[in-house]
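K.L.:
Here is how the chains run, residue by residue.
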Amino acid sequence: MHELSIVTSLFEVLEEKARENKAAKVVGVKLKLGKLAGVVPELLRTAFDTYKQGTIAAEATLEIEEVPLKLRCRKCGAVIERDEFVLVCPSCGSTELEILEGMDLLLDKLDLEI
Amino acid sequence: MTKKEVIVREEILGTNKKVAAEIREKLGSAGVLTVNLLSSPGSGKTTLLERIVEALRPDHPLAVIEGDIETERDADRIRRKGVPAWQITTGGACHLEAKMVGKLIPEVPSGTEFLFIENVGNLVCPASYDLGENLRCVLLSAPEGDDKPKKYPKAFAGADCLIITKSDLFPYLPFDQEKAEEEALEINPRLRVFITSALKGKGVAELVEYLIERRAELVGSKRHA
Chain L
17 MHELSIVTSL FEVLEEKARE NKAAKVVGVK LKLGKLAGVV PELLRTAFDT
67 YKQGTIAAEA TLEIEEVPLK LRCRKCGAVI ERDEFVLVCP SCGSTELEIL
117 EGMDLLLDKL DLEI
Chain P
587 MTKKEVIVRE EILGTNKKVA AEIREKLGSA GVLTVNLLSS PGSGKTTLLE
637 RIVEALRPDH PLAVIEGDIE TERDADRIRR KGVPAWQITT GGACHLEAKM
687 VGKLIPEVPS GTEFLFIENV GNLVCPASYD LGENLRCVLL SAPEGDDKPK
737 KYPKAFAGAD CLIITKSDLF PYLPFDQEKA EEEALEINPR LRVFITSALK
787 GKGVAELVEY LIERRAELVG SKRHA
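Line by line, the protein sequences are chains L and P. The numbering used here applies: residue 17 is where the first sequence begins, and numbers increase by one. The numbering used here applies: residue 587 is where the second sequence begins, and numbers increase by one.
None of these hints come from the bench; they were simulated from the model. Quick reminder that beta carbons are idealized off the backbone N, C-alpha and C, glycines included. Worth double-checking, as some hints may not be accurate.
Only part of the chain P face toward chain L is listed, based on derived beta-carbon distances under 8 Å [claimed, not checked]:
id, residue
1, E591
2, L599
3, D716
4, P760
5, R778
6, V779
Let's have the full structure, built from the sequences with the hints guiding it.
P.N.:
As structure tokens, this is what we get:
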């Protein structure tokens with residue numbers, strides 16, 4: 017359960033962006049959540065709704081887009097999408113796979129009122 | 587009042603990754619191999635570390651950072667072996683973050699060859715936080731069961747080596763060592779696997795040899811950089 021730590025880090029980025037843009041309010045937050053980022057969307061939502069009280073994002077809605085694990089094989093170039101961790105290329109059997117997305121949590125965009 | 591949409595596309599743990607990269611650079615340039623030990627509570631991290639400390643000393647100076655929710659107990663155990671050790675008590679947080687480790691880096695004595703970071707016992711959250719390590723070792727103790735790799739894949743996917751601990755208990759448990767290894771290697775085929783018993787001293791020499799080799803590689807790469 018590290019969703020509250022994640023939300024604390026999210027607010028560091030969010031508040032910096034709001035300041036840079038001289039925003040009065042943040043009204044929308046969109047996240048891209050890797051399916052294998054180790055973060056539970058429902059817990060993240062609860063942590064967000066708790067943390068946002070009294071902040072610049074107090075009225076913000078949270079949108080979470082889940083992103084599957086996407087890998088590229090360094091040997092044969094195949095691009096693979098999957099929902100579970102198996103770091104072997106299904107086309108050529110190589111274990112030299114590069115993770116393209118699906119492991120991280122991104123702050124994708126913010127809707128601001130200025 | 588105008589509305590504005592701002593595209594950010596920043597990683598939320600980007601700051602942690604940045605701090606971790608700084609730690610890796612700083613310690614790497616000083617010839618320190620940093621190892622992050624990650625596992626469930628009670629899987630034997632501290633006891634294995636005690637054996638590693640005994641095997642490395644006095645030829646290879648080392649230091650230890652202990653992460654726990656509460657108490658100085660683990661750092662005290664390591665200090666008793668004559669090794670500098672610092673305790674981070676998170677006061678409830680389930681993992682260590684790079685900035686917590688970063689604060690202790692100036693304390694690491696010059697000439698240190700290895701820095702071990704024993705993470706908070708937890709097979710979930712620590713997997714998401716780079717601490718600036720060169721090597722991430724995940725421990726799996728026999729009593730936990732051979733089905734853990736697929737249940738907690740991120741911990742195994744992000745590791746460099748898998749250390750199966752408490753192998754002295756194999757005869758008494760329905761633990762299938764081959765199954766545990768196969769599951770872990772399916773997730774991450776690059777894992778180097780060690781079978782250890784800290785109580786019997788089994789497998790510790792192989793592990794220590796691997797650590798010494800990895801440090802030689804690190805020092806070599808920095809020299810050629």
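K.L.:
Return the numbers of the hints above that this structure violates; sort them in rising order.
P.N.:
Numbers 3, 4, 5 and 6 - these are the hints that the structure violates, sorted from lowest upward.
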